[in-house]
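J.: Listed below, chain by chain, are the residues.
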Amino acid sequence: MELELVTIISERFLKDDILKMIEERGSKGHTITDVEGEGSRGIRASEWEGKNVKIETIVNKETANKIIDEISELYFENYAVIVYSKTVRVVRGDKYI
Amino acid sequence: MELELVTIISERFLKDDILKMIEERGSKGHTITDVEGEGSRGIRASEWEGKNVKIETIVNKETANKIIDEISELYFENYAVIVYSKTVRVVRGDKYI
Amino acid sequence: MELELVTIISERFLKDDILKMIEERGSKGHTITDVEGEGSRGIRASEWEGKNVKIETIVNKETANKIIDEISELYFENYAVIVYSKTVRVVRGDKYI
Amino acid sequence: MDTIITNLTSPVVMAFVMGIMVKAIKSDLEFPQVLYKSISIYLLVAIGLKGGVELSKTPFSEFILPASATIFMGIITPIIAFVIIRYLGKVDLDNSAGVAAHYGSVSMVTFLASISYLQTEGLEPEGFMPTLLALLEIPGIIVALMIPLLQKSSNSSFGKAMHEVVTGGSIVLLLGGLIIGFIAGPVKFQSIEPFFVNGFQGALFLFLLELGMVTARRFRDLKKVGFFIVAFGILVPILHGFLAILIGFWSGLSLAGTVVFATMVSSASYIAAPAAVRIALPKASPTIYLTASLGITFPFNITIGIPLYYAISLWIGG
Amino acid sequence: MDTIITNLTSPVVMAFVMGIMVKAIKSDLEFPQVLYKSISIYLLVAIGLKGGVELSKTPFSEFILPASATIFMGIITPIIAFVIIRYLGKVDLDNSAGVAAHYGSVSMVTFLASISYLQTEGLEPEGFMPTLLALLEIPGIIVALMIPLLQKSSNSSFGKAMHEVVTGGSIVLLLGGLIIGFIAGPVKFQSIEPFFVNGFQGALFLFLLELGMVTARRFRDLKKVGFFIVAFGILVPILHGFLAILIGFWSGLSLAGTVVFATMVSSASYIAAPAAVRIALPKASPTIYLTASLGITFPFNITIGIPLYYAISLWIGG
Amino acid sequence: MDTIITNLTSPVVMAFVMGIMVKAIKSDLEFPQVLYKSISIYLLVAIGLKGGVELSKTPFSEFILPASATIFMGIITPIIAFVIIRYLGKVDLDNSAGVAAHYGSVSMVTFLASISYLQTEGLEPEGFMPTLLALLEIPGIIVALMIPLLQKSSNSSFGKAMHEVVTGGSIVLLLGGLIIGFIAGPVKFQSIEPFFVNGFQGALFLFLLELGMVTARRFRDLKKVGFFIVAFGILVPILHGFLAILIGFWSGLSLAGTVVFATMVSSASYIAAPAAVRIALPKASPTIYLTASLGITFPFNITIGIPLYYAISLWIGG
Ligand SMILES: Nc1ncnc2c1ncn2[C@@H]1O[C@H](COP(=O)(O)O)[C@@H](O)[C@H]1O
Ligand SMILES: Nc1ncnc2c1ncn2[C@@H]1O[C@H](COP(=O)(O)O)[C@@H](O)[C@H]1O
Ligand SMILES: Nc1ncnc2c1ncn2[C@@H]1O[C@H](COP(=O)(O)O)[C@@H](O)[C@H]1O
Ligand code: NA
Ligand code: NA
Ligand code: NA
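Protein chains in written order, with the numbering used here: chain A, 1 to 97; chain B, 98 to 194; chain C, 195 to 291; chain D, 292 to 609; chain E, 610 to 927; chain F, 928 to 1245.
Take every hint as true, because none was put in to throw you off.
Cut-off 20 Å, straight-line C-alpha distance, at most; resulting in silico cross-link-like pairs (SDA-like, lysine to any residue):
1) D:K317 / A:D16
2) D:K381 / D:K514
3) A:K51 / C:E250
4) C:K222 / A:V35
5) C:K289 / C:E250
6) B:K125 / C:E232
7) A:K28 / A:R92
8) E:K666 / E:V806
Hints were generated in silico from the structure; no laboratory data involved.
Pulled out of the complex, with its shape left as it was, chain A reads as follows (with noise of 0.2 Å):
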């Protein structure tokens, strides 16, 4: 079954925020890694709390969608976060729907 990976990179503060948001959207889970970075935005207070995270969730087109817009929509301007997507095969997929 194919389905949409979503990656979402954003500063360590943002995580819980984007937790619940992607939750409501219809993720039904999810896998969360420490990571460091560098973007377009230099010195961030991440510095202080820890690192950047990368949330990733395996969720149907839709879903996937509803979520980039949402990122998109509220934390591009202000913070540093991007999200990207790309088609997965998955076992059981229905189990993440």
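On the provided structure of chain A, position chains B, C, D, E and F with the ligands as indicated by the hints.
T.: Positioned in the frame of chain A, the structure of chains B, C, D, E and F with the ligands alone reads:
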């Protein structure tokens, strides 16, 4: 060259078992990341053993299928584990197969 | 917008070199994860310097090719390093190119 | 009542309460998992070393009865716990055995809290108590995991679980420390004594702070597990503690030793047992056994149980 | 000058300088982030505990005036800082308020360095100073974050930022420690004293070594922030310190207490404030407020500021 | 034989053996990598500080000869090691130079174990030994890495490797500590002394426990490297140790100082050297140089080497 990147996320204590299994099925290498996560099951013993692990291995299509089948058969019922795969472009891919 | 997500996994002490290189080739940002791994080479000095690193960067097709070529040329012979890429869907992709 | 207040205002118990508060007010404070693991390693090695040094000063004849009593309790308590939860609570086989494994084993921190508590009361238990701690850690888990084996077809991962129990990090550190302390003896121990003795209570303070935060997360599951498990998590420790007091005095332990013994026996494991149960009984629910041992029995023992066992011991044998 | 050299050759200050050097020579030395966080936890709990124990010995009447003086300074300093940076520096509203929040709050390590410094001079400040540290941490941030609220339409994340400030890790550890120390009192504190008192200066040494490395990274941004911010980061602390010396003596603090008070007031937060400002004022640039507080004011205070406040205090009230 | 048993039953050596056992029984015990790194940082800073304080009390005239002897050994030992492995062992150029770099440098923990050992024997080496440790760490690596440069076309990463050697974490911490200790002197050192001195042996205990586990992993590669490397890893240290004893006595070191000197010289680096060799000689195999230095020489020195150098020193100069 196009190969499959198989990703397995599981409770930490299954790590050694899974590594042994994928090696037997033909994987020539792997990369392990410490991750945290939540899914259809709630809390698990890994709260004490440390976090989940993500195991990634680049293999050919056939090996990928064998690994995915094996994981679904052995672990899906009793343990917190998910598996998915996607196609990636690698250089000198013969090293991995 | 479709862009390439290039993933490089290497011994930790190559990190700064590789980051410098990908920036020179046109990468506008990157994300770093601490990982462990095993591949065609056995033990390496990184047992002492800490684990491997995974460097991910989203770039356009052309830059991706440049980075992949450079990695294969410079590091493949002597160091434990692998590289692969896949296409991802990003929002406001112009930020990355 | 007085002894409960003395206990509640001891720094380590207050650290535990503080940890619960921290989560209650939704603070973003997080203990690095590595710090938590490092302190565990330190505490286990320190307990082992001190126990070994003390053991090297104890005549064998003094030690044999308490050791036997410990192993006896390690065999009997998981059976009691199993019978109660399986036949009174009507819980299924796997979950019953899983919980029994936890109550047959022991919680290192509860053990330490009882020693701290007695010291503020001016009492000093036998030096070989850590050896009993090590002896009590394993048998209960083995007995409990054997129950489903006897009742249904053989389980292929029992052997793997046994290996996990016997070579698990906590038992290895404790036993390794014991052996080294025993061989080194008091004189050679001196060089490492400042590190392992002076810093001990403070490290325990930080550990309990973190454990409070972890326990608070368990509290959220209290509703899920239902009233029976909550009652079980309070009454079974009292029962086990009471039996242990009788056996403890019988084996010749001092008043302080008996209180520590009762605390140990009544406590439920939440490090060694979960790992073994996860492997041997994957169908048993962590929500049940972790909530019982960590969410109910642990805070109960730390705050009320220890002074209670002290009061009972005073009353029976003081 | 002499006092500056005494200060510069104290081990903790040298550790800070060493950290800067380590980065200057481009060494690959890295402190694990977890070690850094663990030491912070330890330092905050230790300060809290010691402060609480001391407070339990202090009569309320002795404490009330310095406490009021602290809150007063917590309200006045962010306003001063804001006015200067907004109207003299012509910096935009969000960035001005962001910087003001930092200078209204306090830096734990600067506080500790001043105590270390005074001890080498043979002076001992009041035992309740850590309580003042806790009192000073929050109000300045609240005041500063309220300024943009008054000047523009209401901000939805102000509430979230307030929760962050009040339940932030550093304040929780400090206050928790204070309360436990206060309840435990000197006798019960003894068991954990070796850990939290004897190891303290050494842990601070390692912490400053790491902080030196972090500061060195900030130095690279000095050019970006421009001359005004650099001058601001040196002159405003002197101004705040001077005011604090007057108020400190007035409130009845001893010479040593006044120096520590001045150091506290003059210092700028780089842990609690950045987190709150990031949430409440996302448009404020971390480059500006972190470079000012961590890249300029912190090293200035640690090396020159503390002996300066001491000299001024001696001159005014000695 | 007796001295070997004394050594084998010292707590730190037993910790090392315990670490090996832990892996032999396939325990799942894992030391967090961060704990390992944090203890390294602590040990290096502590050695540096103590060495610096002692150095500040030593007249220059007493120090100059041992220092010269150290640098001399740092130059001569990699050449000896290279000649043996290249021409006797017929190993290729890169691997020979790589191994030589390891045997020209020094192992901090072996150094510490020899001091521990002597203290149980009631002997105290010169206070400036840590300075010699720092002096010996670098030259051997430089000499060894220059050999392939002389024998083949110039290598572009030699400069990078040199920078790595000179600014590597271990040397920076050691030297930084030395300088700070030297400037601070005994009086100012007192504030941080409890942390860096009292806890030292205990931290070393934990470090060796972990190092035992790492070494056990190396044992698996013993077969791969072949008999010659195993013999090399035992005989070359004895040879280097013997030479160092002669030179040590000649330079005026005491009996204890000479034993420590011999241990240092005979030991093989497994932290600074691997990093440099990985950069300068990427074709050299880590399996060979790490197995030799960490899998053979390190355990040999810790268990048998140190008492042996002591016996020889007693025999020659006692
Ligand atoms: N081109 C990119 N490739 C991979 N990761 C990126 C890229 N750009 C930004 N990131 C990650 O996203 C975070 C926020 O990016 P930014 O908002 O551009 O500062 C960075 O800290 C990186 O972890
Ligand atoms: N939809 C999902 N997207 C990403 N990761 C997931 C998802 N569901 C589960 N996981 C990961 O897989 C682990 C096991 O999942 P589960 O078996 O559903 O509890 C979780 O702890 C997560 O790390
Ligand atoms: N087939 C593979 N799949 C995933 N990761 C791999 C694979 N092969 C190698 N790696 C990673 O790349 C690193 C270097 O590989 P190598 O150069 O083959 O030793 C390893 O340590 C792994 O982290
Ligand atoms: Na029990
Ligand atoms: Na301030
Ligand atoms: Na050597």
